[in-house]
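Colleague: Model the placement of chains B, C and D on the given structure of chain A, informed by the hints.
Spelled out, the chains give:
There are 4 protein chains.
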Amino acid sequence: MTEPAGMKPQRRACYYGDYLMLDRVLSAQAPESARMGRMAHDEMLFIITHQAYELWFKQVLHEMDRIQSDFSETPLDDRSLSRAAKGLERIRDILKFVIGQLDILETMTPLDFLEFRDILFPASGFQSTQFRLIEIRLGLKRETRIALDEKPYESRLQGADRDAVMLAESQASLFNQLEAWLSRTPFLTQGDFRFRDAYRKAVVAMLEADLAYLEGPGAAADSREADARALEKALTRFQAIFEPDSAPGAWRMTPQAVEGALFITLYRDEPALQTPFRVLSALMDIDEAMTLWRYRHALMVQRMIGVKLGTGGSSGHDYLAATAKAHRIFGDLFQLSTYLIPRSALPTLPQETARRMGLVYASEGARP
Amino acid sequence: MTEPAGMKPQRRACYYGDYLMLDRVLSAQAPESARMGRMAHDEMLFIITHQAYELWFKQVLHEMDRIQSDFSETPLDDRSLSRAAKGLERIRDILKFVIGQLDILETMTPLDFLEFRDILFPASGFQSTQFRLIEIRLGLKRETRIALDEKPYESRLQGADRDAVMLAESQASLFNQLEAWLSRTPFLTQGDFRFRDAYRKAVVAMLEADLAYLEGPGAAADSREADARALEKALTRFQAIFEPDSAPGAWRMTPQAVEGALFITLYRDEPALQTPFRVLSALMDIDEAMTLWRYRHALMVQRMIGVKLGTGGSSGHDYLAATAKAHRIFGDLFQLSTYLIPRSALPTLPQETARRMGLVYASEGARP
Amino acid sequence: MTEPAGMKPQRRACYYGDYLMLDRVLSAQAPESARMGRMAHDEMLFIITHQAYELWFKQVLHEMDRIQSDFSETPLDDRSLSRAAKGLERIRDILKFVIGQLDILETMTPLDFLEFRDILFPASGFQSTQFRLIEIRLGLKRETRIALDEKPYESRLQGADRDAVMLAESQASLFNQLEAWLSRTPFLTQGDFRFRDAYRKAVVAMLEADLAYLEGPGAAADSREADARALEKALTRFQAIFEPDSAPGAWRMTPQAVEGALFITLYRDEPALQTPFRVLSALMDIDEAMTLWRYRHALMVQRMIGVKLGTGGSSGHDYLAATAKAHRIFGDLFQLSTYLIPRSALPTLPQETARRMGLVYASEGARP
Amino acid sequence: MTEPAGMKPQRRACYYGDYLMLDRVLSAQAPESARMGRMAHDEMLFIITHQAYELWFKQVLHEMDRIQSDFSETPLDDRSLSRAAKGLERIRDILKFVIGQLDILETMTPLDFLEFRDILFPASGFQSTQFRLIEIRLGLKRETRIALDEKPYESRLQGADRDAVMLAESQASLFNQLEAWLSRTPFLTQGDFRFRDAYRKAVVAMLEADLAYLEGPGAAADSREADARALEKALTRFQAIFEPDSAPGAWRMTPQAVEGALFITLYRDEPALQTPFRVLSALMDIDEAMTLWRYRHALMVQRMIGVKLGTGGSSGHDYLAATAKAHRIFGDLFQLSTYLIPRSALPTLPQETARRMGLVYASEGARP
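Protein chains in written order, with our numbering: chain A, 1 to 368; chain B, 1 to 368; chain C, 1 to 368; chain D, 1 to 368.
So here's chain A without its partners, still in its complex pose:
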């Protein structure tokens, strides 16, 4: 932020405070407790922590704008994909980082919180429109949401906020875009080669070997039955990739998209799949960070207000802890791990496929 660089400015000199609009940002802390004549020192911390969250949420949405724009391209250019991967990695870094803000907020004790807690009623972090937008745009579905009060979540939002989330709900989410892009994964067939057939055979063999093992003398007798049931279920879910009707609802993504994701995961070292794999990894990181944030938040609420009830008969802690489990978006990607097989057992790809996944210059023999 310091010096002239090549192009000389034909414009007003820039001043730090003006540029950052600090008059707005730093005048936006108006503790209610002060307004009511009983200033609670820690309300400032409470306000500032929440505002810092909202600032970072705005940044996340700014990255989402470009990522979703990139993902709306068909075909998706490799340069754009690289940019999207970096955007997702930045979102991941932000989400992981801001979890730590709760540690700062927790330097406020429950007794200090009590000094102004009642003034805030019924405001709630639940009303963070930007956080709802992040969820929606990533792909959290309306029907997946755990209800609070048995009312639709947007009933707590005011006019413009409600409009914003409803609009977002009507548009394609990143989940939808990802699904479409994964469904178009090339390389899955080549001449007579069908990746799905080759891989299916390998996985079924593996799972059946596991089943056989459970019937053998090495397995723990007391858990044999439960294990067997679980394996059967895993097998069914796997088959659903290829015969969707066999286990409806086993996956959120289409079978084609699951197949694409599987392929990328297995052959991630091929030049053409390196960046796609970064995309999938970053999405799992994001899902994990959101989940951890919810859970950490749940712990803080419990510490701050005990088991006291929120509106609606369920404590904030329980609600938040439940969303940590239920509001996963890219669960399919985690589920994939169930069906991975060791590299040594992977189907060998046709040479032509391997060639097509390479870089032009290397295929022409120019590799340095």
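Worth flagging that the hints you see were computed from the coordinates, not collected in a lab. This one's a predicted model, so the numbers in the text were calculated from it and none came from an experiment.
Derived DSBU-like pairs (lysine-lysine); straight-line CA-CA distance at most 35 angstroms:
id	chain 1	residue 1	chain 2	residue 2
1	A	K58	B	K325
2	C	K96	B	K96
3	C	K96	C	K141
Here are some chain B residues the structure puts well away from chain D; computed CB gaps all over 10 angstroms:
id	residue
4	Q68
5	R79
6	E143
7	I146
8	P152
9	M166
10	A168
11	E225
12	E243
13	P255
14	D269
15	D332
16	R343
17	Q351
Cβ coordinates follow ideal geometry from the N, Cα and C atoms, glycine included.
Modeller: Structure of chains B, C and D alone, referenced to chain A:
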């Protein structure tokens, strides 16, 4: 670690590698995959991450040794208490820090883990004796543990390890020691003043006002009933501090201990209670860090092995996530927040009580 | 932020977005690159990171308000001191945390920064008034500052900002307040006992033993002379605590204050010194965090703009790295470590002193 | 670490403690203070923190093994490069993470350290052979090292340790390997197009515009001369990429390697350069993390032992702070930022070059 300081050493010169016994520490990585002739690169990361955990666990236990020794004193000297508070804060710092080691471990992908995962069977982090000892010595009760396989947890440990945990179970835990110490909290009565009576009145009034509010026109009609039930329950649990028979099992600690903890929390700024409050805070931090670690661990397991089954018919993820909820030790301290009231409504303590909570020099007028 | 608690609100319902004034906070990002018609995607990240810093700086100043108000009391009540210790610990936590924001900012590459860097000229983080206020109020002296451009630092600030820093410079800093409070440390004399004399003897003996060692056969011949010189210097600096004229400028604090700090450090386990020691520790942590932040910042600047020149002929990197070294505020506290001696060699305090450092209830035999 | 997976184990059951060789790892803490009959509680923390560092250093070296092996391939396959990038990113993550271990160690106060500090003499972290190996293998040159005691650093190491570092010094470092690989960067010429000529023209124009600006009325008069000198110097250093004799020593890498690194940095979005750019970024991250670690370490030493002298007449703090500045390895990559120009001013590459940097399947029109 550098220079002479006052006392001159009459002894052998110290060498870094010898002092740290690096010959042992750095020769303790023997990847099974290498032994079996198919070296998996990431097994080293797996081993080293776990060893780093075990090193830190040893440090935690080392701190526990002194803390528990200090807490076994009756009366507990203020100097010892200060030392114990610092020890607990160090444990908290360690536990919060090592959660981050999972981020390092997660740079290993599921596919890479698969290269050596089967070799490890049936070893499991579940068999970390030191972690079990930390849980036990903090105060996790045998009967609280979620069973894996419907077998007692120690059935998976070998001889000496099993002996160590059984011995620890037979000894006083920090929870027990804390409970005893809290029960001896002075200051609760002074002349006619009974803290319990004064405070009870204040809390009951508060909760009843909440109940009345629920019946008024301002409350959300649809949740009124659930809220009312919840408040009744909170009231019952609070009464149990004073009439233990009224709600058996509402608290893990004795009513006397709960009362002591409450007093410390409310009047924590008094010189005599500053360090006791640090002890309670650090214990909550530790409980929270353990919980968060379990949950983070659960997420990692899910990512690494999907929904595949562990031995015993329940996935590692589900088991770990369940322990995050169930294996809390100092839950009573979190529950206390339910019964806090604003400072302005706190019963005024007798002057004599306030004096006794002060420092000698200040009470003699020498404050600087 | 969820539920009613005791006192029922007689007021307007609180809405999350209104309460946090999000209309202001979230409308304060106006990338200059967009205004000039060539939107640079990462300028948003640049703006938001800086705004997040400013929010946290506001919180730090908010804590400083209360801490400085508490420290302006004479005598300083033990309850207020405890509150000040917590405030300082919170500042420490915030400063350590926000260093991590630079990791987020560094997800922007130098090439991306270049897209809008020239537009910002001559704005600079150097113009953060709040950061200057933090430095000044902690106690950074005008004459200690490394000059940039050979102009006084405030020459780069505009009207109101300049007024704010000049006002702050005219008021007592926390350093001044701390110094005054330390100078009043009680317990240093008791009857015939003079801590200064007893301790002086012990330290001189230790340093002289070190000197003797250097002349003996065990010492490394080639460094003997340099070591000896250094020890002589340390001894002189130590003597300056007791004979200020012997080494003017050896300490920033008055000898009385240094003596007080030394006493607190040595006998920190005594009840009367536990909280004072937390204050000193937190101040060292804060000094360290500020230093680390400057250094980390210097590294980032180097990465972002290379060795290109800032206005003033010295690169931003070098300037920042130099301030990391020069702008220390509580260096005296670090220097104290030079003069610590092992607990076993500490002068025994008179019994009466020990009694006066205890708590009233314990001195009356009521310890639990 | 939990369950059977496809291949059934034909081998002994694995036990957690045996697998991790915990008998060795957890028996390697032998506090000297205990051996001398005056156990210092915090010596355990000191030992364990250092051992944790050594464990992680072993992991870093394990990653270096594969990375250096990959980088020794000519040509370097794109799959191997991807693997190396991941390895470097893991090293970065580890180095950034372990800085935090110093926060844990700093929960030990200087007074507590004093209880056993003298016993350790003359052992020193300086003797960490693994850390020396990391430095050497990354590319720290012998002649760049700041001398301590005016003796070669290995003079403090014992036999086998000394042999290990001397062997490492005789082998190719990652710096050497990187330099060779960068020198082979393809794409720099194509038909008549010479990247060096096109880019040189653009940079010189930019720097000359800066110089002209300094002579104009808009520039700060008082710094004009210094700025001009600095720009001249920057220009000379830049020319040295193309005419090495014009400014010997301006770069550590060969001009060819610098040119390659520049090209990768500028066109990093091209598929063929995405992974190379990750390699360069990770190396800068590693350099930065090492530097920060050294500086953080310097601060800790200052806090722990004040300005007391180490052997050799220079304090540990000053030595460490100096190495933070001097022991940089990939400084050339940071210096590159000086010569970046805005994307809009970048020379347009020949179409054929762009095609060759793409992926085969995309060039054949199969992009999804």
